[in-house]
Amino acid sequence: MKLWLVLAGNSIAFGGLLFLLSAGFSLIFGLMRIPNLTHGSLFMLGAYFAVSLIALGFGFWPAAVLAGVGVAIFGGLVERLLLRRLPGAELAQVLVTLGLSFMIADACLMGWGGDPIAIETPPALQGATYLSSIAFPTYRLAIIIIAVIFAIALWALLDRTRLGAMIRAGVDDPAIARVVGIRVSRLFTIVFALGAGLAGFAGVIGGPILSVYPGLDQDMLPLALVVVILGGSGSLVGSFVGSFVVGFLYNFGQAMLPELAYVVLFLPMLVVLVLRPHGLFGRAVS
Amino acid sequence: VKRLVIVIGLVLLAAVPFWVGNTYYVNIASQILLYAIFALGLNVLVGYAGLVSLGHAGLFGIAAYAGALLINSGSNHFVAILGALAVTLFAAAIFAILALRGTGLGFVMITVALGQIVWGVAYRWISITNGDNGISIATRPRPLGLSLATAPGLYWATLMVFVVAVAAIAIFAVSPFGASLRGTRDQPRRMTALGYHIWMIRFLAFVFSGFWSGVAGMLFLYYNQFVSPQVVALNASAEVLLMVISGGTGTLFGPIAGAALVVIIKNVASAYIEHWNFVLGAIFVAIVICMPEGLVPGSARLWRWGLAKLHPDATRAASAPAPRHESGI
Chain A
1 MKLWLVLAGN
11 SIAFGGLLFL
21 LSAGFSLIFG
31 LMRIPNLTHG
41 SLFMLGAYFA
51 VSLIALGFGF
61 WPAAVLAGVG
71 VAIFGGLVER
81 LLLRRLPGAE
91 LAQVLVTLGL
101 SFMIADACLM
111 GWGGDPIAIE
121 TPPALQGATY
131 LSSIAFPTYR
141 LAIIIIAVIF
151 AIALWALLDR
161 TRLGAMIRAG
171 VDDPAIARVV
181 GIRVSRLFTI
191 VFALGAGLAG
201 FAGVIGGPIL
211 SVYPGLDQDM
221 LPLALVVVIL
231 GGSGSLVGSF
241 VGSFVVGFLY
251 NFGQAMLPEL
261 AYVVLFLPML
271 VVLVLRPHGL
281 FGRAVS
Chain B
1 VKRLVIVIGL
11 VLLAAVPFWV
21 GNTYYVNIAS
31 QILLYAIFAL
41 GLNVLVGYAG
51 LVSLGHAGLF
61 GIAAYAGALL
71 INSGSNHFVA
81 ILGALAVTLF
91 AAAIFAILAL
101 RGTGLGFVMI
111 TVALGQIVWG
121 VAYRWISITN
131 GDNGISIATR
141 PRPLGLSLAT
151 APGLYWATLM
161 VFVVAVAAIA
171 IFAVSPFGAS
181 LRGTRDQPRR
191 MTALGYHIWM
201 IRFLAFVFSG
211 FWSGVAGMLF
221 LYYNQFVSPQ
231 VVALNASAEV
241 LLMVISGGTG
251 TLFGPIAGAA
261 LVVIIKNVAS
271 AYIEHWNFVL
281 GAIFVAIVIC
291 MPEGLVPGSA
301 RLWRWGLAKL
311 HPDATRAASA
321 PAPRHESGI
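Heads up: the sequence lines are chains A and B, in that order. No gaps in the numbering here: position 257 of the first sequence is 257 in the numbering used here, and each next residue is one more. No gaps in the numbering here: position 211 of the second sequence is 211 in the numbering used here, and each next residue is one more.
Since the hints were derived computationally from the structure, they do not count as laboratory data. Heads up, a few of these hints could be off.
Stated by the list, open to error - Some, not all, of what chain B presents toward chain A, calculated at C-beta under 7 Å:
no.: 1; residue: Arg101
no.: 2; residue: Met109
no.: 3; residue: Ala113
no.: 4; residue: Gln116
no.: 5; residue: His275
What the hints assert, rightly or not - DEER-style ranges, computed between Cβ atoms:
no.: 6; chain 1: A; residue 1: Ile152; chain 2: B; residue 2: Ala271; range: 51 to 57 Å
no.: 7; chain 1: A; residue 1: Ser185; chain 2: B; residue 2: Ala271; range: 57 to 63 Å
no.: 8; chain 1: B; residue 1: Leu82; chain 2: A; residue 2: Arg168; range: 51 to 57 Å
no.: 9; chain 1: A; residue 1: Ile152; chain 2: B; residue 2: Pro176; range: 57 to 63 Å
As the list claims (entries may be wrong) - If you want the ones that stay clear, here's a sample from chain B, every Cβ over 12 Å from chain A, calculated:
no.: 10; residue: Lys2
no.: 11; residue: Asn72
no.: 12; residue: Gly83
no.: 13; residue: Gly102
no.: 14; residue: Val163
no.: 15; residue: Phe177
no.: 16; residue: Leu194
no.: 17; residue: Val207
no.: 18; residue: Asn267
Glycine is no exception: its CB is placed at the ideal position from the N, C-alpha and C atoms.
Required output: the full structure, derived from the provided sequences and hints.
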């Protein structure tokens, strides 16, 4: 019984991490109509940035924020310098993100080597917290809290601010949004940088659990894909729910059928695809 | 004249082991041919159907794994090849049914996910696939008593399959079915209005494309006598897509040129630098941004553009507008 509860707790924590990763992915997909295949790489890049920053003497949290900002700037540059050159050619944009993901992966291998690097859990969050009689790692509780804070902040940004209204307009109908005077192409840069920054930040936050290693990008990207296919693109609620579904599937799959964890993970996605091609919370993408 | 060119080309290809001599280069030639088959198969989908798949390494790998498992469980090569191709056809049908739920980028995402499932199974289901260590097979087949154990032997066998593949895909492309497939790419609505069953056409094209991926996968298995999860990784799918795109989609010789290009660069690059993936990614980005229609048509376009700069009036009529690239949405 206790084991189940711990597993469920871990699933929620992992789901929170996935939310940080996939919210940006979903927004980028919703607005720009491209599955950003560098998203796993940005996650990994954030974690590696933090490794270097911590080695330079920064604390965990400043390193996490700085790494997130660094990855956001990188993402903004990618959008400005590369994706911007291919307006309207979504397929070409996807292929560029794919090519970039290989370059980032190899560059990280050159820069940080092939061995897994652990990121130390911040001292204040080490050890376990007792929830009634169950010991639960404090850090994972912190991840859940961070994810909830970010979910609320993102919701407020999208639902309560002018920028959010413009982004929603761009997701709903880019052509009309342009007509009413919204600079959709500038939104592209903002959303891409925001999504990249979130992914990079998530990479740092995930560091103490997952550590950083070559191939982390390839491990995380399919998870983000599944979340967005499950939840539907451009929907914050969808990626929130999808993240926790995937978090549970992944953790329980690993624990119960370790050899088939991937199948357990992807099977529900296939069922959703067959029944609701646009995801649980998504709308038809033209 | 066309026939003469084909015959001369075949003789030249068949004579490759004699004029290159060195086993290493013969092996590279075999690799080019087997990847050309793979790229030709993918091009049926990317070029003629306008559907971009990033999961074809999954089908390639399924054939290789199925073949390896059958051979190691004691069946003879004939049964193993048939069995592996049957399994691949079945897998391709399932892939097609699922992937065709989405269009455009949805299709791409689903194929990525399907490819990753195959990778996950290959990597994690250790009791069957031996995980990261992969599976080796001890022997190559001896069709009609001819030994494929040597590099030239395997090269000739690959060449024969290659010729069959090129012929089959050339016939496919000019057949009424090929024409209707291009119709579903360019004008899906009109095709529906004309009474074509678009889904079925795309489905059959997917399975046909998957079949050649499976054939290439079996050749790969015999070439390396080894298969590991590396074969089904996303990189592998991207590599073959690069072959198709770099050579020029929707043409018969584009994917062959692309396969030759990628295999040669890969072998040359890995002799000098460790980081092939970086080069692969860079070429990918460069080609997509600078020459979206592929190297062969792209170079032709630049050439025309250069001519037009020199003689603005003379070449205006000749410079046709560059082919538009539909993302299939």
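Here's how the hints hold up against the structure:
1. Arg101: Status holds, d = 5 Å.
2. Met109: holds (5 Å)
3. Ala113: At about 6 Å, which falls below the 7 Å cut-off, the nearest Cβ of chain A leaves the hint on alanine 113 of chain B intact, so it holds.
4. Gln116: Hint holds; glutamine 116 of chain B Cβ to chain A Cβ min 4 Å, cut 7 Å.
5. His275: holds (5 Å)
6. A/Ile152 <-> B/Ala271: 51 to 57 Å: Holds: the Cβ-Cβ distance is about 54 Å, inside 51 to 57 Å.
7. A/Ser185 <-> B/Ala271: 57 to 63 Å: violated (43 Å)
8. B/Leu82 <-> A/Arg168: 51 to 57 Å: holds (55 Å)
9. A/Ile152 <-> B/Pro176: 57 to 63 Å: Once the Cβ atoms are compared, 58 Å apart, the range 57 to 63 Å for proline 176 of chain B and isoleucine 152 of chain A holds.
10. Lys2: Per Cβ check, lysine 2 of chain B is outside 12 Å of chain A; nearest 34 Å; holds.
11. Asn72: holds (19 Å)
12. Gly83: holds (22 Å)
13. Gly102: violated (6 Å)
14. Val163: With a cut-off of 12 Å, valine 163 of chain B remains clear of chain A, as the shortest Cβ separation is near 31 Å.
15. Phe177: holds (24 Å)
16. Leu194: Non-interface label stands for leucine 194 of chain B: nearest chain A Cβ at 23 Å, farther than 12 Å.
17. Val207: Label holds. Min Cβ-Cβ 18 Å, cutoff 12 Å.
18. Asn267: holds (17 Å)
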